[in-house]
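S.K.: The opening position of the sequence shown corresponds to residue 1 in UniProt numbering, with each subsequent residue numbered one higher.
Bear in mind the hints are in silico, worked out from the structure with no lab data behind them.
Hints should not be assumed to be uniformly reliable.
Derived DMTMM-like pairs (lysine to aspartate or glutamate); straight-line CA-CA distance at most 20 Å [unchecked claim]:
(1) K160 with E101
(2) K66 with D47
(3) K90 with E146
Treat the numbers as computed from the prediction; the structure is a model and nothing was measured.
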Amino acid sequence: MGRSAIEARRRAALEEGNVGYLARRQEIIQAAKNVFRERGFEATLRDVAEVLGTDRASLYYYVGSKDELLQEIVREALARDIAAAKAVQKSKASTPDKIRELILSMVKSYSDNYPHMNVNTEDLRRYSHEKSDWAVEVITQTREYEAIVMSILNKGRTEKTLRRDLPVNVSALALFGMINWMHRWYRPTYPVAPEEIARTFAEIYLSGYAATE
């Protein structure tokens, strides 16, 4: 069967939304996540197929490429990140404690979703110039997350638990820059636990940004 015919079957199956088909597709995505984590994004579809005990050709009925697998993994991770940020936003904790929770959730996301979030961060600038549905979606999700963080920081300024003499947009960029730079050095073998990384980041950030009596 030609590639175009397989693609047509895959699109039709996705539109139909059969429970069994979607469950198998999710199983493949989860297997790919584990393979990429263990072997890096250099791993191939053949590696994923071997883990599942099938052949690479069989995967094409469910996913079109390794890039599509990455996109699905990142889409799910970003959705979880947004849900976590919204939960922090709605909590009754103080703004500094909300920032600590945000930082912990971001660091944990890098750790739990390695190397997918690393690849996503490296490619984010390229996405911003693309017009594909995937590029639009990931940029929209990123902007939604940024808006939640900005809302939390602005509330802290209003409540005077954060400094008001520092530009909030620059302060937000400092927070994102600190976390996103992890793609340059974080690996699962890094000798410091994600929780300790998050605590360190929070202490450094709030030491300069939290308001003092």
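S.K.: Could you grab the alpha-carbon distance between K90 and E146 and see if it respects the 20 Å cut-off?
M.R.: holds (15 Å)
S.K.: Between K66 and D47, does the CA-CA distance stay at or below 20 Å?
M.R.: holds (11 Å)
S.K.: Taken at face value, is the distance from the CA of E101 to the CA of K160 at most 20 Å?
M.R.: Measuring from Cα to Cα gives roughly 19 Å; hence the hint holds.
The earlier numbered hints are all upheld by this structure, with none contradicted.
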